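Participant: One-letter residues, chain by chain:
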Amino acid sequence: MKKRLKRLLACTLALALTVICASPAMATTEVEVTDPDYYTKFQGQNITLNVYNWGEYISDGSDDSLDVNKAFEELTGIKVNYTTFDTNESLYAKLRSGGASYDIIIPSDYMVSKMIQEDMLEKLDFSQIPNFQYIDESYVNPDYDPTNEYSVPYTWGTVGIIYNTNLVTEPVTSWDILWDEDYAGDILMFSNSRDAFGIALKKLGYSMNTEDPDELQEAADLLKEQKPLVQAYVMDQIFDKMQGGEAALAPYYAGDALTMIADSPELAFAVPEEGTNIFFDAICIPKGAKNVEAAHMYINFLCEPEVAAANIEYICYSTPNSAAYELLDEETANSPISYPPQEILDKAEAFVNLSEDTNLLLESLWTEVLTDDQSYNTWAMPLFLAAGILFSIGVNVARRIRKKKEQMY
Amino acid sequence: MRKERWYSKLYVWVVMLFLYAPIFVLIAYSFNANKSRGKWTGFTLNWYNELFHNELIIQSLINTLIVALFASVIATVLGTAAALGINGMKKRSRALVMNLTYMPIINPEIVTGVSLMLLFVSARAILGEFELGFVTLLLAHISFCTPYVILNVLPKLRQMDRFTYEAALDLGCSPRMAFFKVVIPEIMPGITAGFLMALTYSVDDFIISYFNSGSSFQTLPITIYSMTRKRLSPEINALSTIIFAVILLILLLVNINGSRKERAATKRRVEG
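Heads up: the protein sequence lines correspond to chains A and B, in order. The opening residue of the first sequence carries number 1 in our numbering; numbering runs sequentially from there. The opening residue of the second sequence carries number 1001 in our numbering; numbering runs sequentially from there.
Just chain B, with the same shape it has in the complex (with noise of 0.2 Å):
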């Protein structure tokens, strides 16, 4: 292998600064004891105790993570039970379901929000009232989750092997246990990306949650961005860093897992 060159290193810690310097700043400003992000005036945990006094947030904060959790949940069964579907289509039918899959993705996102509510506030129209609110919300979020699982699982149902689960049939496996015993085990880690995918993205969204959140249920990006009006509170930096410090940490705790769990398989092998 040939040596690494100092300019490709740097090149390495540059794209990284220009990733991570805004998170840091962010983060040492949540201590800051100043409001404003121009002065530093001394360390202070004092937006941390006023972000947990601060219901508005708290609450949309929680809003969000139901919403975000109900969403990729079911977006996650959804989205396996149509890749399998999918996988299973002759050519030209699949081409014609994946185009539609990528619909909701290519579109604007402005553009699926506003339909949406369209489609809500006309479905109002025939199936009575309702208000715009958690299940519009959850069901939007639904919609424009289901892709990303869907193009998580495909790859890995073609990559598995058809004849495993065959074989399972044959050695006496039920359909139903071959597929939670052959199948899901093998595309698991392609759900689990479009698991987490999906939650991500749920979490993440404004536009399509500005349009069918309704009066009652507001979600963390919308709160946010009411907020640019006046100016933005430290509060918010000392959520974003309460957020990055936990996704960093699951994050750790996944990829340890992950290579222990390789370190043994390996060992296996070695040993088998």
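This is chain A alone, in the form it adopts within the complex (with noise of 0.2 Å):
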């Protein structure tokens, strides 16, 4: 018996042995850079630089495509300690606590807002990115980062409906289209709080950005009619939800539309005419960084036109690096879907940080949405509480009236 299972063992390992030898080193890590000899400054000092990033947000070296972080380590003697994360939110809570130490972060556009508002990044020395040259013109002094002192955009993109042509025949032109009747159980929402308002409001044809207590109570009473129509409320499972058929319309990114199109031709993508969100993800030095200047290094290194382009290759949404966007295949630089038209951008409003006040008040509002205008009691937790307490009390009452009991016989 034992003897088989080793056997088994074995067996098990050589294959596992054999499919990881066999496969051919495929990561490249030889990339052409504008100026080898800015890089060799901290070559052989044992610097680690801690960046951190969304989750499958950089090339990394699979199907051929660059390796950038071991580029980058091959050419500068810096290592990289990569790590992830998944939600603004939580980039910002961990940054906060205080637990950690970034050199690098790649928060999206109101999250850089908020973060300068806060006073949580180090100005950057532009002078150390002379890559930043290559960033488009229409890219510099955006509206998250007013003086550009803060941030390099990395990435940008746009919201639109993706939807099945199978399903959907009409032309797409408008938000209306999540709220048609038609289409009741086949539509997906998003479940961020900031990405469904921003449709509801821009469908009211108020602003993304609105303070306003009044506009947004419309747009939450406009998602809560939407609320019957709606399949589910997602993110990712958008992707295997489109691509199995399993509903007919739904908002997401631009990047991500491409991927999912590329698969299941009968998915398309549109761009409703109210306008939509325009989205930027762009690299900052958080306050509190150690290494300062290698982090300028690096952000310098991820505006190299070969690097950004196996970038956007890998990531699919849109780059504001015009050298990259040369160095794209025809096919990429040429949608529309990835590069919008011009009167499409001009609509497109970016997100800017809200107050206090009306974070708390989206927040609210979409708990409401959610929930179904089931409010919240406020004494139900205290009531919750003391309800546990009695109830615990009251089973270790019972079990000694019990226990004396028994003791009685």
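Do not take every clue at face value.
[Unchecked claim] Straight-line distance between alpha carbons at most 20 Å, and here's what the computed EDC-like set of lysine to aspartate or glutamate pairs gives:
id: 1; chain 1: A; residue 1: Lys114; chain 2: A; residue 2: Glu349
id: 2; chain 1: A; residue 1: Lys70; chain 2: B; residue 2: Glu1055
id: 3; chain 1: A; residue 1: Lys287; chain 2: B; residue 2: Glu1131
id: 4; chain 1: A; residue 1: Lys227; chain 2: A; residue 2: Glu181
id: 5; chain 1: B; residue 1: Lys1039; chain 2: A; residue 2: Glu266
Derived by calculation from the structure, the hints in this document are not laboratory data. These numbers were taken from a predicted model, which means no experiment stands behind them.
Mind docking these for me? Both chains are given alone in their own frames, and the hints should help you get the complex.
Facilitator: Structure below.
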């Protein structure tokens, strides 16, 4: 018995090893940089750079692509310690907790402005980032960083509607279609408040960054009205639901729409004419970074045309780097989904940070939408606690009584 | 014995199906050529190949295993020692300590995670600069793993006949020898169970690790969770499949070993 098991184990191990060894080394780490001398400064100094980025958000060497972090390590001799987060809010929480120190972070637009307001970002020294020259002028001095002192744009994209052309035959031109009863039960919706409210506000013709409580209330009412038609409030499940044909319509990010369409040609993407959200993810250095100068080097490296192009090919979002844009293949560069015409961009609006009051209002309205008007009783919590305590006391008393009874015999 | 009815058998199978269907779906799609879960486009081993070249995932897996192994070994030693101490306590103090032991288990993980982080951050103010990272993560894991070991070892201690230990002393064992020759073998199943539970909880843990891992040390659950903005990569399916296979193999080995021992024991009893 034992022998057979051992043999089995050996076979599995052998199989695993052959799989690993048989596969060719796929990742490339060779990259052409504009000024190789620039990167030699920290060679042999054993510096480690803590980079905190979104998951799946850098070219990692799969499928013959460039392994960006490895290439940087080989070029500069700086070790990259790469970790990942899932939402802007968790990034913020992690920085705020004081438990972690990062050298590079890549938050989205509104989070950049929030961090600037709260003095959490280091001012960048652009003389150390010569490759900033490649950033297209239209992405310099963005709304979230008006003087462009704190951030370098990494990617951008728009929000639009992904739809299944087999199920939706009419042209998709407006957010109204997400409220169309013909598609009841086939509509997906964002599960994060900011994006969901953004759509409702745009449909009403208001700004996505409104601080007016009445407008927000109107948007909340609209979302409540939509709720019976919505199949589910989701984020990344949109991929599977749309590709599996489980839903007909969903709002999502342009870059991800491209990924989906590549696999499922029956899907299509449209940006509604009322205008939409344009989002940016930008590279920043948080206050308290240990290696500010090396971090600048990393930012500069990410702006290298070849590196930026490799990242864009991996992520599928759009690039603000004009030199990288030149390197993209024809199909991507001319895609109206990734690089929409100017009139769409003119109507697009980026999120900026809202005031604390508005954020709170937004969250409570969103909870209201999701819980279908069930208002929370502020007394519920203490009541529950009291009931719990009473219950446990009761159990103990009952036990004691029973014990006493048993002892009587 | 009454004959089993067909529906009770069916019930068992339905339960099994619910438990294992998701895992089998996951395993099946780790061989899917397409990235999406919705479509089957052909068999491939590509995801396994990519998995072994994805440094982030592999590094997180190694991190997870290192923390889990160290944490569970230390927790086992600590927990066993604590169980021995608690077992020797008077009734009232034992009740008190047991309640303290239950606390980390009943306490929501998020509370444990945040409070540990606050502790580490404020300890930094006193002890001077240190980064949250491997050490803090390890301490955090030890602190929530230890109660599981205690809870697994205590019943074994209570089952144990106190007099075998005394008999060993009477027969000339030193207390240390008696402890290692008599007590430890008696409670060994409890220690093993506690160790395995600590290991699983440590590998599983997301929330506490999330707050205490700092900027340099990322475990697998955090890596997987951070992929949810984009689509979860099938490499994770491949990794889960491998983990499932390894655990299945270990369980089989342990069970076969156990049943063989049992058979040997019955045989001895019959012969003797």
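Participant: Would you mind marking each hint as holding or not holding in the structure?
Facilitator: Checked hints:
1. A/Lys114 - A/Glu349: Roughly 17 Å between the alpha carbons, so the hint for A/Lys114 and A/Glu349 holds.
2. A/Lys70 - B/Glu1055: holds (10 Å)
3. A/Lys287 - B/Glu1131: Judged against 20 Å, a Cα distance of about 15 Å means the pair holds.
4. A/Lys227 - A/Glu181: It holds: about 11 Å lies between the C-alpha atoms, which stays within 20 Å.
5. B/Lys1039 - A/Glu266: holds (13 Å)
In this structure, every one of the numbered hints holds.
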